Each structure stands twice: as C-alpha cells, then as structure tokens.
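Asker: Letter by letter, the chains look like this.
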Amino acid sequence: GAGVSQSPSNKVTEKGKDVELRCDPISGHTALYWYRQRLGQGLEFLIYFQGNSAPDKSGLPSDRFSAERTGESVSTLTIQRTQQEDSAVYLCASSLAGTSGYSYEQYFGPGTRLTVT
Amino acid sequence: AQKITQTQPGMFVQEKEAVTLDCTYDTSDPSYGLFWYKQPSSGEMIFLIYQGSYDQQNATEGRYSLNFQKARKSANLVISASQLGDSAMYFCAMREGGGSTLGRLYFGRGTQLTVWP
Chain A
1 GAGVSQSPSN KVTEKGKDVE LRCDPISGHT ALYWYRQRLG QGLEFLIYFQ GNSAPDKSGL
61 PSDRFSAERT GESVSTLTIQ RTQQEDSAVY LCASSLAGTS GYSYEQYFGP GTRLTVT
Chain B
118 AQKITQTQPG MFVQEKEAVT LDCTYDTSDP SYGLFWYKQP SSGEMIFLIY QGSYDQQNAT
178 EGRYSLNFQK ARKSANLVIS ASQLGDSAMY FCAMREGGGS TLGRLYFGRG TQLTVWP
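So the protein lines, in turn, are chains A and B. Each residue of the first sequence is one higher than the one before, starting from 1 at the first, in the working numbering. Each residue of the second sequence is one higher than the one before, starting from 118 at the first, in the working numbering.
Hints are computed from structural coordinates only; laboratory data are not their basis. These numbers come from a predicted model, not from an experiment. Here a beta-carbon is modelled for each residue, glycine too, at the ideal position from N, C-alpha and C. It is possible that part of the hints are untrue.
Said to hold, decoys possible - Think about it this way: if two alpha-carbon atoms lie no more than 30 Å apart in a straight line, the pair counts; the simulated BS3-like pairs of lysine-lysine are: (1) B/K190 to A/K17; (2) B/K133 to A/K57; (3) B/K190 to B/K133.
Unchecked claim - Chain B is nowhere near these chain A residues, computed Cβ spacing over 12 Å in every case: (4) V19; (5) R22; (6) G42; (7) S53; (8) S66; (9) S73; (10) R81; (11) T117.
Using the sequences plus the hints, can you model the full thing?
Answerer: Here it is as structure tokens:
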C-alpha cells in the first residue's frame with residue numbers, strides 16, 4: 001500500500017515568510033509525528049497527534065511553529081516568520097496504536113527539505 | 118542528559134564481515150522500546166529492528182541482530198555479512214512509556230557506516 005507522503009519535497013523561502021508543510025499518513029494509522037533533522041544530525045521530535053487526544057507539542061522549538069491534523073488524516077506543519085536556523089529536513093511519520101508487546105514502528109515519509117535564505 | 122548515545126560517528130567494514138554499531142540509552146522508565154533505523158543517502162528512514170525492554174531474547178531480523186544488555190543499558194546493532202548496500206547512516210532510538218506503543222522517539226546522532234569491497 002501507499003506509504004507516508006509529504007509535500008513539497010523541497011521548499012526554498014525567504015527569511016520572514018511563512019511556510020506550510022503537508023503530511024499524508026498511511027491509511028489507518030492513528031498516530032502522526034513530526035520530526036526535524038538538521039544537516040548531519042539525528043532527528044529532533046516536534047509534535048505528535050493521536051486520535052482525538054490533545055497533541056503532544058512539547059518538542060516545538062518556538063511559538064512560530066504550529067501543526068494541525070484533520071481527524072486521522074492529513075497534517076500540516078506551519079512555520080511563521082521563518083529564520084535561517086529553521087533550515088532542515090522535516091520528516092513526518094505515522095504508526096498504528098495497540099497494546100504493548102509489539103513494535104508498532106513509526107513509518108517515515110521522504111521528508112521536506114526546507115531552505116531559508 | 119542524552120537519552121540515546123551513539124559514540125561512533127563513523128565505522129568502516131569490509132564486505133562480508135560483521136560489524137557492531139554501539140548504542141547506549143538512559144531512562145528511568147521500566148517499560149521502553151529500542152529501535153534501529155537506517156538512513157541511506159536518499160534520506161528515507163528505514164526501520165530495521167525492535168527490542169522491547171521486557172523481551173527475554175535478543176531481537177533478530179535477517180542479517181540484523183540487537184545485542185541487548187539491559188543492566189548496561191546498551192542496545193548494539195550487529196550486522197552480519199555486510200553488503201555494499203549497507204552503507205548508510207544508522208540511528209538508534211528509544212520510545213518510553215509503560216504499556217503503550219505510542220509516543221515520541223528519542224534519536225541518537227547516528228553512525229555513518231561505510232562498507233568497502
């Protein structure tokens with residue numbers, strides 16, 4: 001079946017502009033995650049959605065970052081007034097939910113490479 | 118404190134040889150899961166293997182095995198019979214949380230593995 005998709009694949013924007021990044025999770029996956037990966041670094045958690053529960057926003061680096069999710073479907077990550085330090089690859093992942101004892105690994109999309117000039 | 122530590126920025130191995138990638142973790146949660154992901158130069162994140170904290174046996178998936186030493190809080194990845202296609206960045210990750218398969222992953226900084234012929 002189809003995997004996690006993200007759009008756009010690349011985005012170049014000027015400092016100070018707002019950007020929206022989109023994620024389409026795997027159908028039936030109730031959990032959706034956003035991570036950021038700076039060049040040569042590991043992945044940094046941003047935000048996590050699960051069903052109708054309040055999202056875990058504990059990883060958002062500033063109030064310029066926000067995200068929404070429509071039901072158990074598409075999610076949009078918005079960065080307002082972009083700064084050069086926002087340049088990174090933004091990765092979305094989705095997973096099933098279930099009882100412990102299984103991995104329920106996160107499936108990652110191809111990412112959006114954001115460059116702020 | 119770092120939740121996941123990968124001390125080897127780079128590793129080199131000859132084709133057909135085995136290689137061990139190190140990972141130590143830090144958590145006070147008695148229930149957690151450990152993951153290894155592979156990230157080729159194309160950028161996609163590929164799930165390799167999972168170990169639950171209560172699993173009695175070390176996880177294995179084909180040529181991948183996880184050397185889980187709970188008392189030492191280490192979860193090293195062993196790749197047997199290395200192939201040229203194994204050249205990639207490898208990330209160790211942890212999910213905390215008793216009884217839940219959901220939640221953010223904490224990632225290490227990664228190990229760049231190069232397999233030479």
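Asker: Work down the list of hints and note, for each, if the structure agrees.
Answerer: So, going through the hints one by one against the coordinates:
no.	hint	verdict
1	B/K190 to A/K17	violated, 44 Å
2	B/K133 to A/K57	violated, 44 Å
3	B/K190 to B/K133	holds, 29 Å
4	V19	holds, 19 Å
5	R22	holds, 17 Å
6	G42	violated, 4 Å
7	S53	violated, 9 Å
8	S66	holds, 17 Å
9	S73	holds, 17 Å
10	R81	holds, 25 Å
11	T117	holds, 21 Å
Violated hints for the displayed structure, listed by number in ascending order: 1, 2, 6 and 7.
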